[in-house]
Amino acid sequence: MQGLTRDQMAARVARDIPEGACVNLGIGLPTLVANHLPKEREILLHSENGLLGMGPAPAPGAEDMDLINAGKQPVTLLAGGAFFHHADSFAMMRGGHLDICVLGAFQVSERGDLANWHTGAPGAIPAVGGAMDLAIGAKKTYVMMEHQDKSGASKIVPACTYPLTGIACVSRIYTDLAVLDITLDGVLLVEAFNGLSMADIQAVTGVTLIV
Amino acid sequence: MQAAVLPSGVISAVQHQDLNRGRLQSARLLPRLRSQFTNRTVVLYTNYSMIDKRVPDLPTALAGVADGATVLIGGFGGAGQPNELIDALIAQGARDLTIVNNNAGNGERGLAALLKARRVKKIVCSFPRQTDSQVFDALYRRGEIELELVPQGNLAERIRAAGAGIGGFFTPTGYGTALAEGKETRQIGGRGHVLETPIHADVALIKAERGDRWGNLVYRKTARNFGPIMAMAARLTVASVREFAELGELDPEHIITPGIFVQRVVRV
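Protein chains in written order, with this note's numbering: chain A, 1 to 211; chain B, 1 to 268.
Some clues are possibly wrong.
Said to hold, decoys possible - Below 30 Å or equal to it, Euclidean Cα-Cα: the simulated DSS-like pairs (lysine-lysine) are:
1) A:Lys39 with A:Lys150
2) A:Lys139 with B:Lys122
3) A:Lys72 with A:Lys139
4) B:Lys183 with B:Lys122
5) A:Lys72 with A:Lys150
6) A:Lys39 with A:Lys72
7) A:Lys140 with A:Lys150
8) A:Lys72 with B:Lys122
9) B:Lys221 with A:Lys72
10) B:Lys183 with A:Lys140
11) A:Lys72 with B:Lys121
12) A:Lys39 with A:Lys140
13) B:Lys221 with A:Lys140
14) B:Lys116 with A:Lys139
15) A:Lys72 with B:Lys116
16) A:Lys39 with B:Lys221
17) B:Lys183 with B:Lys221
18) A:Lys39 with A:Lys139
Please keep in mind that the hints were generated in silico from the structure rather than gathered at the bench.
Taking the hints into account, I'd like the entire structure generated from these sequences.
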């Protein structure tokens, strides 16, 4: 089953981010979305370490290690951007001021539970960062992930088996195969990519889909 | 605080006595003041007539940090990490510390060096595991350091709560997860919340860009991160600055940390 590439997934997510939105892009796959935001749209990117109005990576040689993103990579600030301390930064999330947050995931359950911070594997050192704050904070939490894990198992599951990051917090899932909404009635197939049918998507999805 | 009974013109900050051994610059006044504040010590900065929180060097900046102290250390990754103050804390020698930082040290410098020197019994942080957190990883796997893992926003808000005199707060972050196990919960507005408690500290070590003799601070870009809230939450806040500003030179509309939250400023 041929799905979208990572960049095509990022472009698809970017299409749904409207003019004027304040958005936090999680570390990893979601970071790619920034490269595909239409230049003509004013979109404010938030970085949890304390900036709103984040710009692209600086030119080589212009890096300033006091101006970094949540992944600790050097970034730039757009005109109109602002710095603030950590408690304010997380107030922007928890207080519901961010419009959209895009996160990676190990699993999403059919009621929108998110597991993305810890595999729970024995010996693994746990690290959570801002994952739990982000999951429950924004007005809408989008997940961006491969539809299946490396073993071919569906990452959309009846109930998460990995440790939870947040409960009933995901509103939409973008995978390499489809766009799915978490609704009160179940997981709704919104769009299938590359000509895949409802039956194709259902065959690789661990929960019953509705259309 | 009973500052009103101090002799006219004397400006003071009251600290716990154990933090201020070797730091008392006005010994002449001390016996009288001690008699007024039986279990506390009044510290006078530089002289009797003006506030001056600037200290001449790093050993003075770190003087009096006690064994077993809880120390907030600013920084997110390298940005805002006060490496010079951490090195001075290593030299100062306090042991059995509880360290609060977003991370658990990167590479071999700064916080990682403090861990390597075996001065830390416990670390409170949100994101210990990184590609270059080898010092922490090794101690943790050997069971030689205690870890309290806190979601990043809860960490920030717990520090802020301490500084703001809040006894705790209910937050939706972490509700229903392993990091909320054993904590009091409540449904508020139809949503599950977890009770989180403030993180008070004996000492805060933070990095700012400029500071004046009253302790007013401004920061630089995202190096601000935990500095302003940590400054509020500790009984002794030590700020390193790149340069001193004259009093009045920092635009009062732009001061991020008012000097009331800062006890010592050192130029590095």
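| task | Take a quick look at whether A:Lys140 and A:Lys150 sit within 30 Å of each other, Cα to Cα. | result | holds (28 Å)
| request: Please work out if A:Lys39 and A:Lys139 have their alpha carbons no farther apart than 30 Å. | output: Distance of about 23 Å is within 30 Å: holds.
| query | Given the proposed pairing of A:Lys72 with B:Lys116, does the C-alpha separation stay at or below 30 Å? | reply | Given that 30 Å is the threshold and the Cα spacing comes to 23 Å, the pair holds.
| query | Going straight from one Cα to the other, do A:Lys39 and A:Lys72 come out at no more than 30 Å? | reply | This hinted pair holds, its Cα atoms lying about 24 Å apart.
| said: With the threshold set at 30 Å, check whether the alpha-carbon distance from A:Lys72 to B:Lys121 stays at or below it. | reply: holds (27 Å)
| query | Are the Cα atoms of B:Lys221 and A:Lys140 separated by 30 Å or less? | reply | Satisfied, since the Cα-Cα distance of roughly 28 Å is no more than 30 Å.
| message | Run the distance test for A:Lys72 versus A:Lys139: straight-line Cα separation, threshold 30 Å. | response | Status holds; Cα separation ~25 Å.
| query | Given the proposed pairing of A:Lys39 with A:Lys150, does the C-alpha separation stay at or below 30 Å? | reply | violated (35 Å)
| said: Check whether the Cα positions of A:Lys39 and A:Lys140 lie no farther apart than 30 Å. | reply: The hint holds at about 22 Å.
| said: For a C-alpha distance cap of 30 Å, please report whether B:Lys221 and A:Lys72 respect it. | reply: Holds, at about 13 Å.
| message | Checking one constraint from the list: CA of A:Lys72 to CA of B:Lys122, max 30 Å. Satisfied? | response | Satisfied, since the Cα-Cα distance of roughly 24 Å is no more than 30 Å.
| task | Compare the distance between the alpha carbons of A:Lys139 and B:Lys122 with 30 Å, and conclude whether the hinted pair is satisfied. | result | Roughly 36 Å separates the two Cα atoms, so the pair is violated.
Violated hints, in rising order: 1, 2, 14 and 17; the structure is consistent with all others.
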